[in-house]
Every structure is written in structure tokens, then in C-alpha cells.
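Participant: The lines below spell out each chain.
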Amino acid sequence: GESVGLHLPTLSVQEGDNSIINCAYSNSASDYFIWYKQESGKGPQFIIDIRSNMDKRQGQRVTVLLNKTVKHLSLQIAATQPGDSAVYFCAETYTDKLIFGTGTRLQVFP
Amino acid sequence: EAGVTQFPSHSVIEKGQTVTLRCDPISGHDNLYWYRRVMGKEIKFLLHFVKESKQDESGMPNNRFLAERTGGTYSTLKVQPAELEDSGVYFCASRLTGAASYEQYFGPGTRLTVT
Numbered sequence: 045g046e047s048v049g050l051h052l053p054t055l056s057v058q059e060g061d062n063s064i065i066n067c068a069y070s071n072s073a074s075d076y077f078i079w080y081k082q083e084s085g086k087g088p089q090f091i092i093d094i095r096s097n098m099d100k101r102q103g104q105r106v107t108v109l110l111n112k113t114v115k116h117l118s119l120q121i122a123a124t125q126p127g128d129s130a131v132y133f134c135a136e137t138y139t140d141k142l143i144f145g146t147g148t149r150l151q152v153f154p
Numbered sequence: 003e004a005g006v007t008q009f010p011s012h013s014v015i016e017k018g019q020t021v022t023l024r025c026d027p028i029s030g031h032d033n034l035y036w037y038r039r040v041m042g043k044e045i046k047f048l049l050h051f052v053k054e055s056k057q058d059e060s061g062m063p064n065n066r067f068l069a070e071r072t073g074g075t076y077s078t079l080k081v082q083p084a085e086l087e088d089s090g091v092y093f094c095a096s097r098l099t100g101a102a103s104y105e106q107y108f109g110p111g112t113r114l115t116v117t
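Chains A and B are the protein sequences, given in the same order. For the first sequence, the working numbering begins at 45 and goes up steadily by one. For the second sequence, the working numbering begins at 3 and goes up steadily by one.
Fair warning: there could be bad hints in the mix.
Within a straight-line C-alpha distance of at most 30 Å, the following computed DSS-like cross-link-like pairs (lysine-lysine) qualify [as the list claims (entries may be wrong)]: (1) K56/B / K81/A; (2) K86/A / K100/A; (3) K86/A / K53/B; (4) K53/B / K100/A; (5) K46/B / K100/A; (6) K80/B / K86/A; (7) K81/A / K112/A.
Below, a sample of chain B positions facing chain A; criterion: calculated Cβ distance under 7 Å [as the list claims (entries may be wrong)]: (8) H50; (9) A102; (10) Y104; (11) E105; (12) G109.
No lab work stands behind these hints, which were simulated from the structure alone. We put the beta carbon where it would ideally sit given N, CA and C, even for glycine.
Whole structure, please, built from the sequences with the hints as guidance.
Facilitator: Quick look at the structure:
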């Protein structure tokens with residue numbers, strides 16, 4: 045896939061454990077923060093977003109936390125499954141475009 | 003509902019040649035975005051169309067890149083002449099103004115290899 049040669053930080057977790065993926069962002073003026081998942085050979089797929097005036101949002105098995113004081117965003121995945129293996133990107137919206145972070149590779153082992 | 007589609011999925015060209023990438027957004031989506039990821043780097047914004055108008059082209063690297071969206075439906079991104087550093091994956095995304103979520107829907111990407 046397109047990640048070959050891309051040296052990403054990697055998080056390895058055992059199936060069933062919880063995963064926490066972290067991201068630092070740069071722009072205090074961003075309106076939304078979004079987590080995307082990218083599997084090999086596919087485009088980024090939306091997971092969850094959070095508005096800048098919130099600090100927590102929950103979805104199905106996922107929770108996003110936003111700490112504006114330290115410009116930090118995290119994605120928590122509960123009961124991680126093999127199908128969660130992918131590269132995860134945080135992104136912030138600014139002037140109607142997405143600004144992506146470098147990504148984290150999540151590897152789930154049995 | 004069909005998602006965002008891109009063509010071709012993979013293109014290999016020689017330095018100096020021309021390549022045209024195509025993106026078909028989700029039907030009815032007025033916003034269309036181009037992004038790319040070059041090897042070893044993060045996904046970066048190139049430009050944004052609202053219908054047929056260029057809303058923001060601040061991410062276009064240089065004048066070798068030309069994007070069009072005639073009629074406000076599909077879009078093309080032409081690279082002429084291609085250079086080695088243009089190699090990477092080019093993504094297209096679309097979004098409907100006024101939708102409940104800010105989600106941009108991405109296509110599968112076109113992998114461009116310039117040799």
C-alpha cells in the first residue's frame with residue numbers, strides 16, 4: 045500500500061484490549077477535529093469528529109478526547125479487534141480544508 | 003449510494019510526461035477537495051472547489067498542476083510536466099454543504115509513480 049516507506053509510529057495491542065492513539069495539533073482556530081482510519085489500498089475513512097467547543101465525544105466503541113489547553117487529541121478504541129488494524133490520522137479543519145497529522149499505525153495481534 | 007471514485011487507481015509515467023487524474027464525487031456534493039501524500043509525508047491539502055469555482059488553491063505546489071471542475075461535477079487534476087517528486091498518492095474527497103457532519107468522504111486514491 046501507499047504506507048510503504050512511510051515511517052509511522054506504531055501501536056501494537058492485543059485483541060480485546062483498549063487502544064489509545066494520540067495526536068498533537070497546531071492551530072487554535074480550528075473548528076472541528078476528526079479522526080480518520082486508512083486501510084491499505086483505500087482512502088481515509090471517517091471515524092468520529094468533535095467540535096472545538098467540546099472536550100469529549102463518544103461513538104460506537106470509540107471515544108475522542110480534546111484538550112485545547114495543550115492542543116492534544118486522542119482516540120480511544122474499546123475492545124480492539126483485528127479489523128481495527130490500520131493507520132489512524134487525526135485532522136483539524138481550518139478554512140474548510142483538512143490539515144492532517146502524520147498518522148499512527150495500529151497493529152492488533154491475537 | 004456510490005462513493006467517491008477516482009481514476010486511474012495507479013499510473014506510472016516518465017519524468018516530463020503528462021498525467022491527468024479524475025475524481026467523481028458523491029452525486030450532489032458541491033464541495034470537492036484534492037489532497038496528496040508523497041512518500042514519507044503526511045496527507046496534504048491541494049485545493050478545494052465549491053461547485054465549479056476554486057475556493058482555495060493554496061496547497062497547489064506549482065504551476066505544473068492544473069485542476070478543473072467544469073460543470074461542477076467531476077474534477078480533473080493534470081500534472082504537466084511530471085517530476086520525480088510528484089510521485090505519491092492523490093486523494094479526492096467530497097462534502098455536501100450543510101450536512102450534519104463535517105465529514106469529507108474520500109476516494110481510494112490514485113497512486114502516481116514518476117520514473
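Participant: Each of the hints needs a verdict: does it hold here or not?
Facilitator: Status of each hint after checking the structure:
1. Straight-line distance between C-alpha atoms of K56/B and K81/A comes to about 28 Å, which keeps the hinted pair within the 30 Å bound.
2. Under the criterion of a C-alpha separation no larger than 30 Å, the hint pairing K86/A with K100/A is consistent with the structure, at around 28 Å.
3. A distance of roughly 25 Å separates the Cα atoms of K86/A and K53/B; the hinted pair therefore holds under the 30 Å criterion.
4. At roughly 34 Å between alpha-carbon atoms, K53/B and K100/A are farther apart than 30 Å, so this suggested pair is violated.
5. Our distance criterion of 30 Å between C-alpha atoms is met by K46/B and K100/A, whose separation comes to about 26 Å.
6. For the hint linking K80/B to K86/A, the alpha-carbon distance of about 22 Å falls within 30 Å, and the restraint holds.
7. This hinted pair checks out: K81/A and K112/A have alpha carbons roughly 22 Å apart, not beyond 30 Å.
8. Annotation: H50/B was flagged as interfacial toward chain A, and the flag holds, the nearest CB pair being 6 Å apart, inside 7 Å.
9. Given hint, A102/B at the interface with chain A, is violated; its Cβ is 11 Å from that chain's nearest Cβ, farther than 7 Å.
10. Evaluation of the Y104/B hint against chain A yields a held restraint, the C-beta minimum of about 5 Å falling below 7 Å.
11. At about 4 Å, the closest approach between the beta carbon of E105/B and any beta carbon in chain A falls short of 7 Å, and the interface hint on this residue holds.
12. At about 5 Å, the closest approach between the beta carbon of G109/B and any beta carbon in chain A falls short of 7 Å, and the interface hint on this residue holds.
Violation of the numbered hints given earlier is confined to hints 4, 9; the remaining hints are satisfied by the structure.
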